[in-house]
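Please take these sequences and the hints and turn them into a complete structure.
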Amino acid sequence: MSRPPAPVFLERRSYRRRRLMDAARLLPVVGALLFLVPLLWGPGPGESASTAEGMIYIFAVWAGLIVLAAVLARRLADTGADTGAGNGAGTGAGNGANKTLPERRERAE
Amino acid sequence: MIGFNILVLVCLSYVALLFVVAFAAEKRAERGEVGWLRSPVVYTLSLSIYATAWTFYGAVGYAVRSGLEFVTIYLGPSLVMIGWWWLVRKLVRIGRSQRITSIADLISSRYGKSNLLGVIVTVLAVIGTTPYIALQLQSVTLSFSVFPSDASAVWNVQDLDDTALYVAIGLAFFTILFGTRNLDANERHHGVVTAIALEAVVKLVALLAVGVFVVWGVASGPADIVARIEASPISDLTFAGGRWATLIFLSAAAFLCLPRMFQVMVVENADERHVAVASWAFPLYLFLISLFVIPIAVVGLKVLPGANPDLYVLTVPLALGQNGLAMLSFLGGFSSATSMVIVAAIALSTMVSNHIVMPIWLSTRSGGATVSGDVRKVVLLSRRLSIAAVLALGYLYFYFSGGGEALAAIGLISFTGVAQVLPAMLGGLFWRGATRNGAAFGLVLGFAVWAYTLFLPSFGDSFILPASVLAEGPWGISWLRPQALFGVASLDPVVHAVFWSMLINTGAFFAVSLLSFPQPLERLQGAQFVNVLEHSRNAPGWAQGAAEAEDLLIMSQRILGAGEAQALFQGQARAQGKAGYLPDTTPEFVETLERELAGSVGAATAHAMVGQITGGAAVSVEDLMAVADETAQMMEYSSQLEAKSAELGRTARQLRDANDKLTALSIQKDAFLSQISHELRTPMTSIRAFSEILMADGPMSEADQARFSTIIHDEAIRLTRLLDDLLDLSVLENGQVSLNWQDANLADVLERAMAATTSMQGKTPLKIRREVARERLDLVTDPDRLAQVFINLIANAGKYCDAEKPELRIAVARRGNTVVIDFIDNGAGIPKASQSVIFEKFSRLTDQSRAGGAGLGLAISREIMAKLGGSVSYLPGQGGAAFRVSLPRGQARAAE
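Note that the protein sequences, when read in sequence, are chains A and B. Under numbering that gives the first Met the number 0, think of the first position of the first sequence as 0, with each following residue one higher. Under numbering that gives the first Met the number 0, think of the first position of the second sequence as 0, with each following residue one higher.
Read the hints as simulated data drawn from the structure, not as lab findings. If you're wondering where the values come from, they're calculated on a predicted model, not measured in any experiment. All the given hints hold, so there is nothing to weed out.
So, partial list: chain B residues that the calculated Cβ filter (under 10 Å) puts toward chain A: (1) Leu67; (2) Val70; (3) Trp83; (4) Glu229; (5) Leu285.
All C-beta atoms, glycine included, are put in the ideal place defined by N, C-alpha and C.
Laid out in structure tokens, this is it:
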């Protein structure tokens, strides 16, 4: 059952792709945090939170997120279909399944 | 001013346009020219049914009442779409691979095709969506009422109700016409989706137009608007922290759980890649929709203070004399309302028909789907009736609630209700341990809490929940006050309801999931859902059963339609390498068929229908498990066999060894016998020959007589000695010998042996060299037997030493408790090849000086030494023949 050991380092392109996925997963979290920032404004000493400023802030963040999402979506679509997601799990399962047989045999003897 | 007739005319023309577009799209799709009908743009636009009349009209009103907070309703969905890689991608993949028809189907399918869960989610969705449909009807009628009619300046309530009724009927008609045109295997509605996409464009353009008019027409640009915002009452409103975060979460949850959103996002999705585009395009759409809300609100407050802020989008242009713009705005609102109602009605009717009507209908037909009438017609009819019922419910809600409430309130109540599906959905997608019971408990409890804390109180003082209960709690228990459960009174009602319902829902879901044990099918589906991105295969559900392909074809024709079913069967048969329409009912085929049917009637119903024909609705997962068990047993058995055969092999080897030994022994015995007879025969021959000479008549000298009788005597002695030796050896080998143990001195024993051997010296006397001083050793042994061994060794040296001056050296040494006596002569020694055989019986290396002896001496010596607890062996490398006798000094006696 000699399976060639997985390389320690990924090829540059798949590495880039993994990081793209990470970025795609990270983006909504960043967005949520930024959208929650107005909660921290509160009425400061001597001034109250301004709706106009809040509106400009929210819409600016929103626009930024949309641009980033568009860039990521384009990049992810370019690098091809989903691959690699199941590799790790598959290898692990294969090893496990292959291991059981000799063990059984040993016990039987 | 726009007259009522013109309004109706425009409205009808718009509806007619929608009909034409939908019809054209259907025609195009039928011809197979899907093309742009299924582009990412259309997908994104169809998602925009999220923005209903609640958005179109309500957002401005919301902004007037709560400032910037309105935007939370759009931030949640934006985040969900931006985070598509987490969730929406998986949802769409599951929806496609499992042929999911609705959110109820998703939940039912995930938890082992449980119809119970399907029913729960369906009921929840109907209850949660009905007020929302009422809301749409209300907004359309309100927008009608804004335009003064020709007859009277003000509409009365009766007119409003009539308008709502007409709108409801018109929508039902449209929905039935395009939503249930065909029972498509993919549950996709090209006409409806295209019409919705058009409506999405209309409402966006309308809202943007009003916004642009407000910013650049009324105000003098963005800077002026900012200044106006600062000056308006909206600016004074502060952020309510709890509501801000809760509403972002709630809108995100509702976006995923709303039946209509699920319909367009998952069910109508044609290509997974469209999701990638929608991930930024849909947030952009919401961004544009929200962009001008606050400017419109600010200008509205200025222009029409005191008017209903929910209708500013319409009334502001009207008040400023922009009739064309007002008309566009009216169409935008109309589009928002109708598109939402159409999709919601389709989604709900699918759920009602698949999870409530069809199971009931199937259970009343005990004979099964094959015997009964046309299933296809039944499904379509139940869909149509469901659509009509859903719209009727919405109208009734509108009629009885009086339509007076602020639009936004109903929206949030509805959102909170449908969001109860979220824990079961996310849990089912990411956690394999989620079980059907957990999902059911979570849903029911969350739903109950929602109804108690938010839905029922929304009716105000009613007979279900009187004002006293609201204020003091049931039976005066203040901890159970609907809007202050467990004493939590400081929260906003919506936040309060979301907090408690989600907490109890999620808690029950996890707790019961952890405690309960899932059915095999649940576990299988769970693995399929959670790992859908790793391997998009479908659940093996059917072992080869008694299903008749013909019965299945008859049933499928009734659901899918004759042409499609035949094409499917033919394709499958061809894939199996068969001609004709009837493929073998392999598990793969039945599975494929079930999936196709699931696209029309839902997974649970399809499973049940195929189950009726394939004989036994009991899913063969159990069979699979049994098969797996059997396999395990067989493996066990074969490993046992293997062990046994190894044992047999060992036994056979042992038998073979024993056989070899026996054969060798038999050969030895034969050799021994032939040796014996030879040894006995030689002296007998000479005795007989000489006695015959003596008996012969004739003269014979005295000397001759004496010589002959001496020979006979010698031979007789030799014969006796041979027999004695044989007897001796036999006694020794059988262990019957009795040893005479006593104290002895080695020197004495050697002395005796030498004395005995001097008498049988040959022609050349053997010179013996001894070290007498070393020989003074006390032993416990049998001196006679030991002397016998020594005599034999010394005699051998005398007989066989071929040196000119034969010489024997007897060396004695002590090795610990062992005495070693070496007998070394100066002859040629014994060749290496012969060294191993000299101790065998009758082994004589040479026959040269036949001084008697049958070659038994060394064999006897070896036996004696073994009996005495020592040994005699040949010692190579000493310059001549050398024998070493080793024997223990004293303990041999104790060991006896």
